[in-house]
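Now for the letters of each chain:
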Amino acid sequence: MSVLVVVEHDRGTMTPASLGALTAGRNLAQQINTTLEAVTIGANADALSDVIAAYGATTVHQAHHAALVDFGPEAWGESVAQIVRNISPQVVIGCGTERGHEVIAQVAARLDLPASMNCTEFDTSFDGTQPLQVTRARWGGSLLENAALDASIKLVTLANHTVEPVEAPSTIAIAVVDVALDASVLHSFVRDRVERVAGVTLATAPVVVSGGRGVGSAEAFGPLEELAGLLGGIVGCSRAVTNNGWRNHTDQVGQTGTRIAPDIYIACGISGAIQHWVGAMASKNILAINTDREANIVTKAGYAVIGDLHKVVPAISAEIRRRRGQ
Amino acid sequence: MNILVCVKRVPAPGARINITEDGQQVDTAFLGFTVSPHEECAVEAAVQLAEKHGGEVTVLTLGGVEAEEQLRTAASVGAVKAVLVPIEGMDWDAQRTASAISSAITALETANGNYDLILFGNESADSCGYQVGVRAAVKLGRPMVNGAKGIEITDGVATVRRESDAGIEIYNLPLPACIGVREGINLPRYPTMKGRLASKKVEIQRTEISAEVGGLKMIQLQRPPERVSNTQILGTGPEAASAVVDLLVELGVFK
Chain A
0 MSVLVVVEHD
10 RGTMTPASLG
20 ALTAGRNLAQ
30 QINTTLEAVT
40 IGANADALSD
50 VIAAYGATTV
60 HQAHHAALVD
70 FGPEAWGESV
80 AQIVRNISPQ
90 VVIGCGTERG
100 HEVIAQVAAR
110 LDLPASMNCT
120 EFDTSFDGTQ
130 PLQVTRARWG
140 GSLLENAALD
150 ASIKLVTLAN
160 HTVEPVEAPS
170 TIAIAVVDVA
180 LDASVLHSFV
190 RDRVERVAGV
200 TLATAPVVVS
210 GGRGVGSAEA
220 FGPLEELAGL
230 LGGIVGCSRA
240 VTNNGWRNHT
250 DQVGQTGTRI
260 APDIYIACGI
270 SGAIQHWVGA
280 MASKNILAIN
290 TDREANIVTK
300 AGYAVIGDLH
310 KVVPAISAEI
320 RRRRGQ
Chain B
0 MNILVCVKRV
10 PAPGARINIT
20 EDGQQVDTAF
30 LGFTVSPHEE
40 CAVEAAVQLA
50 EKHGGEVTVL
60 TLGGVEAEEQ
70 LRTAASVGAV
80 KAVLVPIEGM
90 DWDAQRTASA
100 ISSAITALET
110 ANGNYDLILF
120 GNESADSCGY
130 QVGVRAAVKL
140 GRPMVNGAKG
150 IEITDGVATV
160 RRESDAGIEI
170 YNLPLPACIG
180 VREGINLPRY
190 PTMKGRLASK
200 KVEIQRTEIS
210 AEVGGLKMIQ
220 LQRPPERVSN
230 TQILGTGPEA
240 ASAVVDLLVE
250 LGVFK
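Protein chains in written order, with numbering that gives the first Met the number 0: chain A, 0 to 325; chain B, 0 to 254.
A few of these clues could be false.
What the hints assert, rightly or not - Computed far set for chain A versus chain B, every beta-carbon distance over 12 Å:
hint, residue
1, N26
2, T123
3, V176
What the hints assert, rightly or not - Here are the simulated DSS-like cross-link-like pairs (lysine-lysine), alpha carbons at most 27 Å apart as the crow flies:
hint, chain 1, residue 1, chain 2, residue 2
4, B, K138, B, K199
5, B, K51, B, K148
6, B, K199, B, K51
7, B, K193, B, K51
8, B, K254, A, K310
9, A, K283, B, K254
The set of hints was computed from the structure by calculation and includes no laboratory data.
C-beta atoms are modelled at their ideal positions from N, C-alpha and C, and glycine is treated no differently.
Model the full assembly from the supplied sequences, consistent with the hints where possible.
Structure (structure tokens):
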């Protein structure tokens, strides 16, 4: 009996989402009066036991197998499934990330158990025996669903950024588990990797200057590029833009693109459909530049300029250069 | 190279998503419907692979009879066969859906031979469950990766490209395999008039499947707290530039 957290790591480096999952797991374990345990996949993650102990786990199950070097959804899922079969936790919590969802889905499929992804809350009256009532994000977070997870072992992922990591050090026991992986789960491994070039990315940029349908063409993004460049930022766009082939999908902000959280999001000629908004809503400040005072993004933004982006954006760049004496 | 693509019919929301009074579903009274975005790209990926390597694309959905609209949409851009696994009433949960889809696939493969590739969307736009494709793949005993932003087929191996925070990852899956596709893998084509006409003639095969209800039961939907903003209008037209730069200074992003 325990709450088991699947720690996500990349070649031995823990991802930030894991700390939130450990904290949520500890809270739930206290609530149902059981222990927090964790699982790490691959010997290259053994060193994470110190951090895991700092977040209150009393046991870490270290899945070992010669093949567990890089990420592989099926091998990771099968490894966790074997440990879950052995220790029968009441709840298993994965990270609300692409990898986290995928691993929990693999575990669920292998154990034929239900799974609830992207949970934002767990029922505070849950005592470990009845079905677990959860709140989970749908539509990329535009809607919430209350659901009951009725199973002997409850599999969930925790929506990212919903629980602030809090340390609570404990002593930890280490249990090395030699998992048995047959050929069927050894195919889907990372075979090669092209490392990202260091620099500003959409997900980490402090300033994002984004354009929507109102920009009108691929070429008309030039002034947005210029403004982003002046502010050390990066250009983003809405789904209408990628659907028109004006920009690459890697620039897309939204439910099916990238979730961003810059210091300021400058949204130019974007109406603010819900699927775009869920990608931008974590921005600390939003400035909308739009001809339509009633546009959804204008009513939700902290700041707005009413006007044609093709005139306003170059004027802002000119003003920045003027103040810099350029 | 025979490819099956599993798609889902979902509402096409605009500025906000409303829910019905009983909180049981999205109020679609004023909404159109579409193929869930990742799956729209999966259809395009399948059609491109069939164009390159030969073979045909079949599209499958589990849903009400209305979902025939989405099967015909897929047919209008290159799918040549369409299969509906009909259900009535509310959406099925992920376990039940995956179980029915894998049974339907087994029935189709028994009749017509195995698909080389079965494509899914990374996650559906509406329920965001991230699991139907994985569950179906495990039931079928095929390798599966999600999040594909590129698929190439060489000598019976699917090379899948996927983006992560760390970089671009490459996976090699021996065929037959299952792959979950992400939007951005391609730019789906618009149907031609010829395609639209052809799609009307595609026969939709119905495969009735029963499957057990799964363990995750929706109780009700709710809207998250609305973000109320007292939008400060900085000005109108290019004359607002000075006020904008003042704001950038105040927020510390102009140095």
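Comparing the hints with the structure gives:
1. Listed as a non-interface residue, N26(A) keeps its Cβ farther than 12 Å from every Cβ of chain B; the least gap is roughly 21 Å.
2. Here T123(A) stays apart from chain B, with its beta-carbon at least about 16 Å from theirs, past the 12 Å limit.
3. Non-interface status of V176(A) relative to chain B is upheld: no Cβ of that chain comes within 12 Å, the nearest being about 21 Å off.
4. Among the hinted pairs, K138(B) with K199(B) is inconsistent with the structure: their alpha-carbon atoms are about 33 Å apart, more than 27 Å.
5. Under the criterion of a C-alpha separation no larger than 27 Å, the hint pairing K51(B) with K148(B) is consistent with the structure, at around 18 Å.
6. Pair hint K199(B) plus K51(B) holds up; C-alpha atoms about 25 Å apart against a cutoff of 27 Å.
7. Taking the CA atoms of K193(B) and K51(B), the gap is near 21 Å; set against the 27 Å cutoff, the hint holds.
8. Between K254(B) and K310(A) the alpha-carbon distance is near 23 Å, which keeps this suggested pair within the 27 Å criterion.
9. For the hint linking K283(A) to K254(B), the alpha-carbon distance of about 18 Å falls within 27 Å, and the restraint holds.
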